[in-house]
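Undergrad: For reference, the chains in residue letters:
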Amino acid sequence: MRLTVDGKDIEINADPDMPLLWALRDLAGVTGPKFGCGIAACGACTVVIDGMTVRSCSLPVGQVTGAITTIEGLAVDGKLHPVQQAWLDEQVAQCGYCQAGQIMSAYALLEEIDDPTDEDIDNAMGGNLCRCGTYPRIRSAIKKAATLKLARA
Amino acid sequence: MASIGKIARRTFLIGAAAIAGGVAVGYWYVSRPYGNPLEDELAEGEATFNPYVKIAADNTVTVIAPRAEMGQGISTTLAAFVAEELGISLEELKVEHGPTSFAYYNGTMMEESGPFPWFDESLIASIARDAFSTVGKVLGLQATGGSSSTRDGFERMRQAGAATRYVLLAAAAKRFGVPSSELETAGRSVVHKASGKSATFGELAADAAAIAPPASLKLKEKADWTLLGKSQKRVDMLAKVTGAPIFGVDVMLPDMLFGTVKMNPVFWERPRSADLSKAEAVKGVVKIVPLDTTYGHGFGIIAENTWAAFQAADLIEADWGAPPYPADSASVDKALTDALATEGSYLRDEGDVDAAFADAPADRVIEAEYSVPFLAHACMEPMNATARVKDGKLEIWAPNQMPTLVEYLSGAAIGLESKDVTAHTTSLGGGFGRREVDTTIYAAIMAKAVEGRPVKVIWSREEDIRHDTYRPAAKGRFRARMGDDGLPVALDMRIAAPSVIGSVMRRTFPSLSPAGPDGTITQGSHDQPYTIADYRVSGIKTDLGVPVGFWRSVGNSFNGFFHEGFMDEIAAKGGLDPVDLRRRLMTAHPAALKVVDKVAGMAKWGEAMPAGTAKGFAFTLSFGSWVGEVVQVRDTPSGIRVEKVWIAADVGTAIDPGIIEAQLISGAIFGLSSAMGQEIALSGGQVVQSNFHDFDSMRIFQCPEFEIAILENYHKMGGVGEIGTPPAVAALANAVSALKGQRFRALPLSKEVTFA
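Chains X and Z, in that order, are what the protein sequence lines are. Mapped onto our numbering, the consecutive letters of the first sequence carry residue numbers 1 to 153. Mapped onto our numbering, the consecutive letters of the second sequence carry residue numbers 1 to 756.
Chain X on its own, in the form it takes in the complex (with noise of 0.2 Å):
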């Protein structure tokens, strides 16, 4: 079976009703998106697939049509993503387990939209959730994320 992930393809050897959070951790080696749940409730193993956000937990690896970009895919040569350097400039993290999952939420809000409202942001967002209670400055770090953006394009 053969994935694209972060640019790279990867062949693997999966049972296709294996979640495709298992096929990257266990068998392709990608563990930046994280088990959570496993029942889509939490958005810890969030990744994107055509600009659309998946809970890769819940997705068997068989039905995935289209690359997969995971948090391992969002810097391009050494350089972070806006969203990244949002969330390094806020401090956001604690724990940061759930991070990688936020941050692909949160990249996937800024495609769709250039400038979102605090309600566009609880509408992507609510999916993830968030232990340490990072919220306020998830919020702040997707709004510095938009201007970061606006300014390298």
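Check each hint, because a few of them may be wrong.
[Claimed, not checked] Coverage of chain X stretches by chain Z, computed from C-beta distances (three or more under 8 Å per stretch; other residues unrestricted):
| no. | stretch |
| --- | --- |
| 1 | 25-31 |
| 2 | 37-43 |
| 3 | 47-56 |
| 4 | 75-84 |
| 5 | 93-103 |
| 6 | 126-137 |
[Claimed, not checked] Keeping only pairs whose Cα atoms sit at most 25 Å apart, straight-line, the calculated SDA-like set for lysine to any residue is:
| no. | chain 1 | residue 1 | chain 2 | residue 2 |
| --- | --- | --- | --- | --- |
| 7 | Z | 393 | Z | 42 |
| 8 | Z | 283 | X | 39 |
| 9 | Z | 94 | X | 72 |
| 10 | X | 143 | Z | 705 |
| 11 | X | 143 | Z | 238 |
| 12 | Z | 218 | Z | 179 |
| 13 | Z | 218 | Z | 708 |
| 14 | Z | 220 | Z | 42 |
| 15 | Z | 278 | X | 15 |
| 16 | X | 144 | Z | 708 |
| 17 | X | 143 | Z | 239 |
| 18 | X | 143 | Z | 756 |
| 19 | Z | 233 | X | 85 |
| 20 | Z | 233 | X | 140 |
| 21 | X | 143 | Z | 294 |
| 22 | Z | 283 | X | 60 |
| 23 | Z | 644 | X | 124 |
| 24 | Z | 751 | Z | 594 |
| 25 | X | 143 | Z | 233 |
| 26 | Z | 448 | Z | 294 |
| 27 | Z | 230 | X | 90 |
| 28 | Z | 287 | X | 15 |
| 29 | X | 143 | Z | 701 |
| 30 | Z | 278 | Z | 393 |
| 31 | Z | 233 | X | 72 |
| 32 | X | 149 | Z | 238 |
| 33 | Z | 137 | Z | 123 |
| 34 | Z | 594 | Z | 712 |
I should point out that these hints are in silico values taken from the structure, not numbers from a laboratory. Keep in mind it's a predicted model, so treat the numbers as computed, not measured. Backbone N, C-alpha and C fix where the C-beta goes; we use that ideal spot for every residue, glycine too.
Following the hints, complete the assembly by docking chain Z onto the known chain X.
TA: Using the frame of chain X, we list chain Z on its own:
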């Protein structure tokens, strides 16, 4: 507060702890210093000066921050202690958790285990603090908990930085033939300005390591700090925004197998029978092994990938047996109610409470009953550990909060001594008090079954929720006698809850049973800075069978709600404003008063509110910090919205304001989540909830605005990681009670109201 006579009648936990220490690590003389564990693991050209600093020939400076980084920012703060005195920036050093060693014992975590409130500075209280601190050292207990790491590292790690600087300067002085006093540092170099000579730390390291620094050096005055007291960029942030493999679940080893566990959902019981055939038939399953441990009984599934292990776990069929403990929430409630009718132990008993109520007119007395449920920790990173048994040695990689115990107990589970066990502590995807040694014991047993190959054991979220070490369910019965001026003259609080210490001991050292009162049952109620003439708080140990443990802020998490909810009721009964009541009862404690005034001012407490909105106030002194919070709620068509939270916290000395602010917000959200909707309920002795759909937490769209003030009035430094939680729970309940015009005395509030 507590008289010497009363103390003498109490059995200190210290007895049990010291015995446990003897079992765990052998007796050590208190005065005997531990060696430097870094000496055993130096790379070529690397030198070490003390357990906290290594410098390599290429000028890499490595600081050991030997506490679990679970999000609280401790790796940054501990590194800053060393950097401040060494005279370099955080960008100029590398931070590692370092090896597991008794040298990294936590002497502060147990310091407040005695029956004395934080503000009791009597001789006997000081003696008790010293004694408990010594227990931490004797046990060699390398542990992260009790919001103690910053306080514990404050002196030790600044001294380590100062000592390293001293020997580097001494080595340079010798090399340049000049006095040390003429030398200064510039980044990671020692410079002699007059002659223009300079040498890097790396060039001096080997010589410097041979020089013995004085036992204690004079440290910088607070006014001269350049890093401390200022917000730092966290040293772990880049890894966390790039998805770096820093967590336990990310461990990857050559030839590694994967696994999970399926433990008996009936606590403590052995399965009566089990059919593993369907599970064993799952493609990729390597082996299923029984797990019979002090934490519980069940099965470990070893497979070629995690998914196969998860599938197999679901297919295990067993007769799990019947619970020998209260099997459902009604039975739990009855057990707690029955316990309230029995005698407890008093950690606060002032005046004569019985006399005060004996002749109280009925209209001067108010009574109330409060209750809280069990709670799960639900760390974002599910429980996990990786282990390998090879050549008679056990190696463990795990997110954990107590690595010396991990080595001892995981080794013991497979017949190895600590000296043959090596535990590596990874970053923790949340901890909150949950990361005990069950994960590593199970992983060790499973690794032994496939000797030679490492096994990474990750629990499903369902296992994680159903096999937690829960925040105790608790119930309290309170009464107050009112005086003529609206203030209480007598307060009597009785609180029934399982003993956290007893439950932890049952899991870790089951042959020992801790004697004496467990202060966690009443912490947050018996140790608050209120003055009331007749004031008694009793804790009644109630074994409910369910494993309980340290949940962010421990007993404060429910006592804050009990004490501060009832204080609001007292205010109402006396016709006083709730904040005004606190001010009047806290006059003996200026630090508390300043916190109350600060947060009331920030929240414009007392100003008229629009219809459909309300505010609630609460105060809890916990882990040495004084915290007041105001929560504002609004009724909306879709339910109650938590709009804004104001927090004022006096932490004595604020080391990193940015991290403290993050921790206060984090702690508050943790508490609000629990108060709004979290509950672990039982049915047939098994936990009903299983995942985030029925044990959820606050989401971003529910998150209120925050306004934070950090104060430094008190003369002792307090903790930070847990202090935001207790008053948030109580302030929310008080706000919702004010909004609805009726008193809510049971959590979660979602049983009676709806949140937007």
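Undergrad: Hint by hint, note whether the structure agrees.
TA: Each hint, compared with the structure:
1. With 5 residues bearing a CB less than 8 Å from a CB of chain Z, the stretch 25-31 of chain X meets the requirement of three and the coverage assertion stands.
2. Note: the stretch 37-43 of chain X has 5 residues with beta-carbon separation from chain Z under 8 Å; the three-residue rule is met and the coverage holds.
3. Proximity of the stretch 47-56 of chain X to chain Z, defined as three or more residues with a beta carbon under 8 Å from a beta carbon of that chain, is not established by the 0 residues found.
4. Check on the stretch 75-84 of chain X: 3 of its residues sit with their Cβ under 8 Å from a Cβ of chain Z, so the three-residue criterion for coverage holds.
5. With 9 residues having a beta carbon nearer than 8 Å to a beta carbon of chain Z, the stretch 93-103 of chain X meets the requirement of three or more and the stated coverage holds.
6. Remark: the stretch 126-137 of chain X is confirmed as covered by chain Z, as 11 of its residues place a Cβ nearer than 8 Å to a Cβ of that chain, reaching the required three.
7. At roughly 21 Å between alpha-carbon atoms, residue 393/Z and residue 42/Z fall within 25 Å of each other, so this suggested pair holds.
8. Among the hinted pairs, residue 283/Z with residue 39/X is consistent with the structure: their alpha-carbon atoms are about 22 Å apart, no more than 25 Å.
9. Of the supplied pair hints, the one linking residue 94/Z and residue 72/X holds, its CA atoms being roughly 22 Å apart against a limit of 25 Å.
10. This hinted pair checks out: residue 143/X and residue 705/Z have alpha carbons roughly 16 Å apart, not beyond 25 Å.
11. Under the criterion of a C-alpha separation no larger than 25 Å, the hint pairing residue 143/X with residue 238/Z is consistent with the structure, at around 19 Å.
12. Between residue 218/Z and residue 179/Z, the direct Cα distance comes to roughly 19 Å. Compliance with the 25 Å bound is thereby established for this hinted pair.
13. Restraint check for residue 218/Z and residue 708/Z: the C-alpha separation of about 34 Å exceeds 25 Å, so the hint is violated.
14. About 30 Å separates the Cα atoms of residue 220/Z and residue 42/Z, which puts this hinted pair outside 25 Å; it is violated.
15. At roughly 18 Å between alpha-carbon atoms, residue 278/Z and residue 15/X fall within 25 Å of each other, so this suggested pair holds.
16. Only pairs whose Cα atoms come within 25 Å are accepted, and residue 144/X paired with residue 708/Z is accepted, the gap being roughly 21 Å.
17. At roughly 22 Å between alpha-carbon atoms, residue 143/X and residue 239/Z fall within 25 Å of each other, so this suggested pair holds.
18. Taking the CA atoms of residue 143/X and residue 756/Z, the gap is about 24 Å. The hint holds against a cut of 25 Å.
19. Our distance criterion of 25 Å between C-alpha atoms is met by residue 233/Z and residue 85/X, whose separation comes to about 13 Å.
20. About 16 Å separates the Cα atoms of residue 233/Z and residue 140/X, which keeps this hinted pair within 25 Å; it holds.
21. As the CA atoms of residue 143/X and residue 294/Z are separated by approximately 49 Å, the hinted pair breaks the 25 Å bound.
22. Between residue 283/Z and residue 60/X, the direct Cα distance comes to roughly 16 Å. Compliance with the 25 Å bound is thereby established for this hinted pair.
23. Straight-line distance between C-alpha atoms of residue 644/Z and residue 124/X comes to about 22 Å, which keeps the hinted pair within the 25 Å bound.
24. About 35 Å separates the Cα atoms of residue 751/Z and residue 594/Z, which puts this hinted pair outside 25 Å; it is violated.
25. A C-alpha spacing of about 20 Å is found between residue 143/X and residue 233/Z, which places the hinted pair at or below 25 Å, so the restraint holds.
26. With a C-alpha separation of about 18 Å, the suggested pair residue 448/Z and residue 294/Z falls inside the 25 Å cut-off, and the hint holds.
27. For the hint pairing residue 230/Z with residue 90/X, the CA-to-CA distance comes to about 15 Å; that is within 25 Å, so the pair holds.
28. For the proposed pair residue 287/Z and residue 15/X, the alpha carbon gap of about 19 Å is at most 25 Å, so the pair holds.
29. Using a Cα cut-off of 25 Å, the hinted pair residue 143/X and residue 701/Z holds, with the two alpha carbons roughly 15 Å apart.
30. For the suggested pair residue 278/Z and residue 393/Z, the alpha carbons sit about 33 Å apart, so the restraint of at most 25 Å is broken.
31. Restraint check: the Cα-Cα separation between residue 233/Z and residue 72/X comes to about 22 Å, which is no more than 25 Å; the hinted pair holds.
32. The suggested pairing of residue 149/X with residue 238/Z holds, with an alpha-carbon distance near 19 Å, which does not exceed 25 Å.
33. A threshold of 25 Å between alpha carbons decides the hint, and for residue 137/Z with residue 123/Z the separation of about 21 Å falls inside it, so the pair holds.
34. Between the alpha carbons of residue 594/Z and residue 712/Z the distance comes to roughly 10 Å, so the proposed pair stays at or under 25 Å and holds.
Taken one by one, the earlier hints fail for this structure at numbers 3, 13, 14, 21, 24 and 30, listed in ascending order.
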